[in-house]
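Participant: Residues per chain, in single letters:
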Amino acid sequence: MTVLGGFLGSGKTTLVNHLLRHADGKRIMVLVNDFGELPIDQDLIAAKDGNILTLANGCACCSMGADLYKAFAAALDYAPAPDHLLIEASGVAEPKRIANFARAEPDLTLNGVITMVDAVNFEKTRTDNRLSDIVEAQITGAHMLLLNKCDLVPTQDLEKCESVLRGFNGTAPLIRVEHGVLSADIFFGEDIKAGRLKEISEGSHTHTHEADFARWSVATDTEIDKAALRETLLQLPSSILRVKGIFRASGEDGLWIAHKVGAHIDISRLPTDSSFSGNTGFVAIGLSNQDFTTILDTAFQSIK
Amino acid sequence: MSAITVFSAKKIITMNPVRPHATHVAIRDGRVLATGTIEEISGWGDYQLDDSFADKVIMPGFVEGHCHLMAGGIWRYTYVGYQDRVDPDGRQWPGVKSLEEVLARLQEAEADLGPDDPLVAWGFDPIFLMDRRLDKNDLDSVSQNRPIAIIHSNFHLMTVNSASLSLANYVADMDIDGVAIGPDGTPNGELQEMAAMFPIMRRLGIDLRELGRTTRSLVDFGKVCNRVGVTTAADLINDLPDEDVAQMRVITDGSDYPIRLMSLLNGISQPAEETRERALELKAKSTEKLRLGAVKIITDGSIQGFTARLRWPHHYNGAPNGIWNIAPEQLNVLVSVLHEAGVQMHIHTNGDEAIEVALEALEQAKIKKNRPDLLHVLQHCQMADRAQFRKMKRLGVAANLFSNHIYYFGDKHYELTIGPDRALRMDACQSAIDYGVPFAIHSDAPVTPMAPLFTAWCAVNRLTESGKCLGEYERIGVSEALQAITLGAATTLHMDHEVGSIETGKWADFAILDDDPETIGAGKLKDVGIWGTVLAGEKHKIP
Ligand SMILES: [Zn+2]
Ligand SMILES: [Zn+2]
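Those protein sequence lines, which keep their order, are chains A and B. Those letters in the first sequence? Residues 13 to 316, by our numbering. Those letters in the second sequence? Residues 51 to 593, by our numbering.
Okay, chain B solo, but in the shape it has when bound (with noise of 0.2 Å):
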């Protein structure tokens, strides 16, 4: 019989109502052995006792429901963020608090490369914008000659200078949509929306979908993971062709990379009945720690970027209604076909049409054939009402609710794009709780900043940048908080039997925290320290 490994800690939060807290966990072959007292658990017979976490605060591994691989990618390119923030190899790297540190950082960027590279950075906070906008001057004072391209944070605009700006030859004002003109009459550098992003982003080798291909970027995504004590994420599209799969296997296999990882198949690059079988083929290549076999549908846009699709009274500024990725007619097919065959949806929704819409789909869908195995998931599913989450409830579907956005884009929502009313009810986790819907918390990163605690902060706090509480009534509970980023998110992912609380049986997957996140106080949730994980007992410390 193998051995059994005993972690004492200063207290363990299972997510086990039956035994909610405990001092010891035992582990054996990977798994929860046992909790509970060093009495209860000896009877289980021999054991190494482990007081590295003596101190510590157990809990359950984090589970990241929605967030991207390229969060792992992205740190290639410089980072001129407002916040601070810590890149994968845990180098700090404080926020840039003015348009000078901005310039200071390219800068100091700009010596480090070698002749030929361009200079790219991301994080760019639209915090700078508000007085005086960047400019290619701003830029070209970084280099002449040197392309030079700033990612914002929302990757809907970019800065470039004039070295860029000419690659594409956009030099004098030739009424192209999406690239802004200076006092001058000619293109200042600000570039919005992909079109006009996209010759520069071509002739300098950026490539955001790559940039989560390759061996670093998994590993990269791993140390992202560790560092905020996440032990399961999901990668919320992929076209997974066999060779990108094969590499994934072989990179989570390593007993040194510390999350299990699931990504799901982009659902809209073929038609429905290829997209139902490539699903069920992936599905048997799933691991222990790579789960494949779910698909992602994408069928609006973003918020802030006026792109969702809302139903009336549609944007509070009067901007157009936003777009759909799938016609609401080939929706219907494509979910029949893929819950007719047992295929789990997750379907972005982020305006409340395209929530009515994806609901309507999934009830026909429902109405021919009863699988009550799957748990289809709406993410995002940020403007829904409480007559949709009623209708969540009656058809069995799950919510990943957008909790960061709060803090992000909160003010925007409520002063420009959806206005007072839906913005205070964003993000329901509490009417979620009301009607007993199942529910997750999630960053979307590189969107917003990986960190679940953070995102329980959200959902607990409601504050936005500027400090405005966003709708009282939908704040929940810190229990409620750790439960949507653990045993929540685990059941979005069908993954709850395995991991998302600390029980008997299930992964010996853990977030080890320096504080108590139960005591800490919900204004500090966010704060609480993190030595690392353990997966399937193996200690994983961020370095």
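Only chain A is shown next, with the shape it has when bound in the complex (with noise of 0.2 Å):
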């Protein structure tokens, strides 16, 4: 479960119309935290069943109005139960609430808490002493953070606003967004239940993507200690934005898998009834620099 966060008017709509969008066989199930019109796209939507949109994709978009429970307990019952759930947190929403729920729930797994704002309205918002602290729980709360609207303002607003960001959450990687516009990659991590892990060891991965963000992957069969690749995510800098991996771990039988988005790294065992058949391995994408492969290189190099 990832949870999408934000104040009024940031543009969580549109990204989450282009992730519907760009959905790529995985079947994404959106709840919608909020009270105004189902925000999705007319051309995606297959069929309207009472609250809840089924697009022709597979994927479900369900309005929860202020009735957060209500929700999860319809996302859980549904069938057949969605590759990811997507929660559309309403403006004045603390995500960190949300996102405990899917730490709670044995039935989820917290994908991470992304939270988008608005440079354009930033500082208006955030003054705003009505507003102020829930602003701020929402950034500091947030794995990643998304500036959107980053074409309306000019470099010195949007560097200003970036130093005010940092200040609140110094942990989070921070990435610019034009139109509410991010890969699925990035924003869900890479799925690498279904196999592709094997694609992309091998190279063969294709898929054209926005020449900031840079992807590296490494195979490995290496046992690994579980407390050793804990430290190891912990340390890598925040342009490292999502790592994900499956591996044997030292000492335990079976599958482990990891995965790190921010500050948020989950190790847990892969599920026995997981569809998983291709290598183990580790995947990463994060802001494209010199340094992107040589840093993860050397990490995972000291684990291995």
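Please keep in mind that the hints were generated in silico from the structure rather than gathered at the bench. From a predicted model like this one, the values you see are computed outputs, not experimental measurements. Note that beta-carbon positions come from the ideal geometry of N, C-alpha and C, so glycine has one too. Among the clues, some could well be false.
As the list claims (entries may be wrong) - Derived list of chain A stretches under chain B, where covered just means 3 residues or more per stretch with a C-beta under 8 Å from a C-beta of chain B:
#	region
1	83-91
2	236-249
Claimed, not checked - Quick list of in silico lysine to aspartate or glutamate cross-link-like pairs, EDC-like style, CA-CA up to 16 Å:
#	chain 1	residue 1	chain 2	residue 2
3	B	K416	B	D435
4	A	K82	B	E260
5	A	K82	B	D257
Reassemble the complex: the two chains are provided individually, in unrelated frames, and hints are given to aid placement.
Facilitator: Put into structure tokens, the structure is as follows:
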């Protein structure tokens, strides 16, 4: 489950539509924690049943008004179970409170809290004393920050905005976004359960992505110490946006799954009913800079 | 012409200042025909005299202006509260006064359950948490295998046994917010707030909202009202799908159903325009005993849960400010859309910042469109200061104050949540009177027990659970409190022309009392005995 937070008008809806449009075979279920119109582009909608919209590509979208738990119950009972649950949090919601639910519910894994910030209105909302604490909580609780509408703001304002954001949250990667568009693999992380890892490590990964992002992968059969892995992931700089891996853990049987977004790290046993059949190893995605590959190569060299 | 029935009484308190007391009331076609002496009444023609209330005191049926249908359904779970309570069927549930008594009660309930039923209890009082907290080991002594969940009286906490913990896989310290950890490093059974409680509730089939929806819940809710003299009650939030409305109509229509029920549409589960259309549609489905068409809007959370929106200087203990359920900007739009269309709004506001934001939204709406036909109500309105009451007066907005809070949570508000200054002004009935703001007082049952005479006692005495007087200035007189639980509450429901006083033309809806609340003494108001009620002239004795 991924939580998308951010204040009203920050562009969450555009991003959600973009992600649904590029779902790429993944069945995404979107829960909208707000009470406006269900913000899904008309051409995506295949059917409407009560407050659940189904999309032609197998995705679904459900409005939950302010009643979060009713919607959770509906989503968890939904058949067939979606691959991803995406909560579009209301503008005044504290995404971390919603994320807490995914951490408590054994049927869900928290894939991260992502907060979208509107570069145009950020300063105004942040200084409104009825909202400032909520905006702050949305930023500090995020594992990844998206700064939207960057094309509409002069560079110096953008930089000021970024330094304020970093002041609140120093660990979450900060990504500039225009028109609310971001690749699904950055948002959700690479989907490695279905054997995509194999593809990647063989270099046949042919998707085209924004030039700003770089991808990296390594295949490994070595047994890895969980504590050492956690430490390694923790030490990675925030320019590494996401890491995901499936590996053998020393002293344990079966396969384990690790995943990191921002400061959120989760290492747990791969469910035995998982359809994973590919090679074990790790994939990462990050901001492309010259050290990108070196950082990751070095980090993973030490634990292999 | 239909027959006239005349009830004689020791005393009739009418709430009609023209004729405040009477010895007789005449009823025709379910309505009050006349009040006064038997000589005055006999002028209306032949009548049947009914002396069954000759030694009783008759008041207008009480009006509970803010409660929830769940107050009936919750009784399907075992009661483990500190105070004595009576369930809808009249069974006495003595309060449990120690952890040992709690466990004994659970043991008893356990014996009656089928092999696959979970044991769920409610009403557990925080008073038990002062020295030693209830934990999973206590509950494991009741059963090792059967999942057990104890819902605390504030509905924000739950204690469960090991069998429940393992259902949700809470078996080790996984650093989950709200899953409390014991000295041995594993979850101790206490779960705080919904995120941590929900995985258990889902697996045990506990759905508090559904509790209000079944036929049995509606019937039980009527019984709960009847026991405390209530003849009109407002269910303060409901999704009101068509099938539920149809069911509510059938049940309330029955001549044995003892109350007029108002049910308010949830205003924040769909876009503003849809809420408006649905509210207007519902209004047209109202009957004499089922009132629809008003909308509830929840702005902030609760003071005791630290989720109310407070103005500076915020929480006394430094806890972060609370939550918004709707952004102030969105509230402005919603309030204007509903006001413009003539939909009455009941706006949940606990903290003074929420009150401020709601009043600003109402002000804007009222500047845009004059709708003198509408009285909007701030529900709870607990932290309003005197300037906010003056503003309510200027804007023509009513308040439904949460007087029961003074008793149940007053000590905590004084010591912890908002501190002495603002605790002393909470639920300010006297300020409402000072500035002429129409007001009611309520229980929010099942959050606190429904009993309007107890609520009146709270407003009159302002005593907390520990016996402290929380703000002498805001205490009101007995007659003012009696007005608040009858005509005052009727006014907030747009029903003051039909119920809330005993006067010609209004429904013959009465509370029948064993004692006289006007003379029993302010300290004993809550102890007035209740025989039952009369609805549209029909007797409903408490079984
Ligand atoms: Zn409320
Ligand atoms: Zn309520």
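Participant: Now look at each hint and say whether the structure bears it out.
Facilitator: Hints, one by one, checked against the model:
1. 83-91: With 3 residues close enough to chain B, the hint holds.
2. 236-249: violated (count 0)
3. B:K416 to B:D435: violated (22 Å)
4. A:K82 to B:E260: holds (10 Å)
5. A:K82 to B:D257: holds (9 Å)
In this structure, the earlier hints numbered 2 and 3 are contradicted, and the remaining ones agree with it.
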